[in-house]
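Peer 1: Here are the chains, one letter per residue:
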Amino acid sequence: MDTAITLGVDGEVYRLTVDTRTTLLDALREQLDVTSPKKGCDHGQCGACTVLVGGRRVLACLVLAGTADGAEVTTAAGLADGDSPHPVQRAFLDNDAFQCGYCTPGQVCSAAGVLDELAAGWPSNVTADLTTEPAASRAEIAERMAGNLCRCGAYVNIVAAVEQAVEQATEQATEQAAEQTAGQARR
Amino acid sequence: MTDPSTEQLRPVAIGSDLERRDGFPKVTGTARYAYESEAASPAYCRLVQSTVARGRVDSVDTAAAEALDGVLLVRTAFDAESLETDDGELAVLQSREVAFRGQVVGMVVADTAEAALRGADLVEVAYSPAPHDVVLRTGRGDLYAPEKVNPSFETDTSDGDIDEAVATATAVLDRTYTTAMYHNNPLEPHATTAYWDGEALTVWDSTQGVHPTRAVLADLFGLDRERVRVVCPYVGGGFGSKGEPHVHVVLAAMAARAVPGRHVRLAFTRQQMFALAGYRTPTIQRMRLAADQSGRLAGIAIDVVEQTAKVKEFAEQTGVPTRMMYAAPHRSTTHRLAALDVPAPSWMRAPGECPGMFGPEVAMDELAEELGIDPVELRVRNEPEVDPESGLPWSSRNLVACLREGADRFGWADRDPRPGLREEDGWLVGTGVASSVYPVNRMADSTATIRREQGRYVVEIGAADLGTGTWTTLAQIAADALEVDVAEVTMRIGDTAYPIASVAGGSSGMTTWGSAVVNAARAFREKFGPEPPEDAEAQGSTEDNPATERFAMYAFGAQFAQARVNRDTGEVRVPRLLGVFAAGRIINPRTARSQLIGGMTMGLSMALHEQSVLDPRFGHVVNHDLAEYHIATCADVAEIEARWLEEHDPHVNPMGSKGIGEIGIVGTAAAVANAVHHATGVRVRNLPITLDKLLPALAG
Ligand code: FES
Ligand code: FES
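From first to last, the protein sequence lines are chains F and U.
Residue numbers for the first sequence follow UniProt numbering, so the first one is 1 and each next one is one higher.
Residue numbers for the second sequence follow UniProt numbering, so the first one is 1 and each next one is one higher.
Be aware that a few hints might be false.
Stretch by stretch, here's where chain F covers chain U in the computed footprint (C-beta under 8 Å, at least three residues) [what the hints assert, rightly or not]:
| id | region |
| --- | --- |
| 1 | 16-27 |
| 2 | 101-114 |
| 3 | 227-237 |
| 4 | 465-479 |
| 5 | 597-603 |
| 6 | 625-632 |
A few chain F residues that face chain U, going by a derived Cβ cut-off under 8 Å, partial list only [claimed, not checked]:
| id | residue |
| --- | --- |
| 7 | Y14 |
| 8 | D96 |
| 9 | A142 |
Which residues of chain F face chain U? A partial, calculated answer using Cβ under 8 Å [what the hints assert, rightly or not]:
| id | residue |
| --- | --- |
| 10 | A48 |
| 11 | E72 |
| 12 | T75 |
| 13 | A76 |
| 14 | F98 |
| 15 | L149 |
| 16 | Q180 |
If you're looking for bench data, these hints aren't it; they were derived computationally from the structure.
Quantities reported herein were computed from a predicted structural model and do not represent experimental measurements.
A virtual CB, placed ideally from N, CA and C, is assigned to each residue, including glycine.
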């Protein structure tokens, strides 16, 4: 059985017909030739297929494409701005947070999600105090990135990369807030 | 040194901390791996696997599958193309005999992945099952000595009289250690896109060697090599399991030949990888050490029992590192195999050294404890002047320096050797050490071409980058050999359109391909001087290194681990790992560090998590996915630090580099096991170190 859906992917809109058994991951990879999300297990066990749907990280192999009608999907390819990498990607390059690269697009999307989750104050399993904002400690980052397996064993560098990206995002947020305050003061 | 095979380069680009050339395509996911190679309207292939571990296929009913919408063809042993091979693993669909559970007994090709999967489900196979035998034990009557162990080492060796040494020594240790069955599990499953145009075959395959894969395919299908092209610019990890072709590439090629003019995609599922992609054999290692009161070894012996498959022999060289690691006049090593009804074992990161440095390095720790000698000191006392095995001097051996430097950085001096004494908030804390070793390997048959193209130096060689950094590091070598800026060098690898290159295995890539690149650069300069015309071109090949006749060549390392064991639950955490290595000159510190910490991370995973559980009733690995075959996750890893010593070895190759892809995993598990013992007083001799092995003793 087939069904027609509309998908927004990395800024493009696609109308496509999918078999109702088709996963979002296969729809992206096989039908749209969007191969940035990878298939490592097809069972939600490795994280290689992680994409952002509406800004939240999702395992594309666990979503049936038919249920994703109207979704806005961002892959690691879409996070970059043309030739310039997203800050998370820059941090992965700076810290050599990958080797074979197969888990990497999923790690990058996951890390982008973690940044937002931390900024929104979401706690994790290792957050000791649920009443305060979680700090972006290495333990917090490692816990939150634990759903993305890396067989090359780049974890140490992945945590360092996410730390760098968090720091950068925090600095930016502080600068923006300062500018806003300055702007208000001028008014 | 005037020998051209080792005449040293002046390192300029070599040694610099350059970002990976393939970095941007990898962090964006725009690097296309084998399954993702461009294809207009590909067909999809899915496999049918045997549900018995031994027996014979009586009949196959393919009617329902063939009737399914979108299914193009079904192939089984009854109608598959015949192949020319005596390789029992690759002879897929060639016979109705079933040699292991999960063996491919059919394939379905369809217009869509969904139809292919459904079609494979609909194929009905009837078997005459036969009793199977899948259990490895030491007491089996049919254990045999293989002719050689991987790749061509003597099966058994004996020097002096080990029994005499054991009978007369002050301190004797006689213990048995085991390592589990492990699956490589690269994150990218084995995958191929294949295309047959009626004349020539092109495969985009995830492989550690395009040229070796081409040679195998050409022979199997009876084609001239010129009619087979293998392409693989990126490999999503291999760790040995993509070093030799497995059946995926054969089946994809067979399928493509059945639908000429159409691309066919085939990828193993993660579950299939546990039956079809190779694995590391479990090992049983009986260790004997004989020492005097000061810890000097008179004798060292290892007797290894491990498995192979009836379908194809692979003999892991587990006993080999014991032959050269420590000074002991009396040495003995043996390997015995049980041939079982199981899938064929194969290479996995540091075959031989990785399992073969578990037993010996835990045994050294046990001996140190028994004699009241510091385990670092015990190793230092047994440092051999020359290679005990060959009698040759070392080209360089800095194990002691690694141990000392590591001890220093780790704060080893303050260590109280007594086990089971330190407790912090309910966690027992301890530290352990082990040595690492890996040989310097050089393979035959690699050639590089250097050409002047649009003012750039283009280097072509059919080498592979499995995440090892080849795209970047070979360019660094070429730049120094040509004496130009690395930015002027373009690399082209991963395609049989480029000159022949050996498999990425045995940590031999830089030595082998790097030497070819250096020779090509020297030939290029000799021919064309410093200002070469456009299209100027020269080739160079790897040569034998005569220094291997005069020196024993190895990289060494020392690994230190801290372990914390929960007193109540037995949970083990490793907050800190430190590795110090002496591996010659480091080509690129950034990618080198990643390789070393990557190896150590896999070693940590081996120590605490990994084991393939074979069900004796059915003959398959029951935990055949990433939810149940546990590999270390981000949250399992805390601090892992890799360092190296400045080491100048003019004998190994023109770069002075030794190969670092595998040494990182050697010794890690022993260091962790030794740390767990120091923390708890419990000696775990059977990997992995899971809480069930600790709890009874902790409770008591
Ligand atoms: S492919 Fe989706 S989690 Fe592994
Ligand atoms: S970089 Fe290879 S699996 Fe992560």
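Peer 1: Hint compliance check: list the failing hint numbers for this structure, sorted ascending.
Peer 2: Of the numbered hints given earlier, those the structure breaks are 7, 11, 16, listed in rising order.
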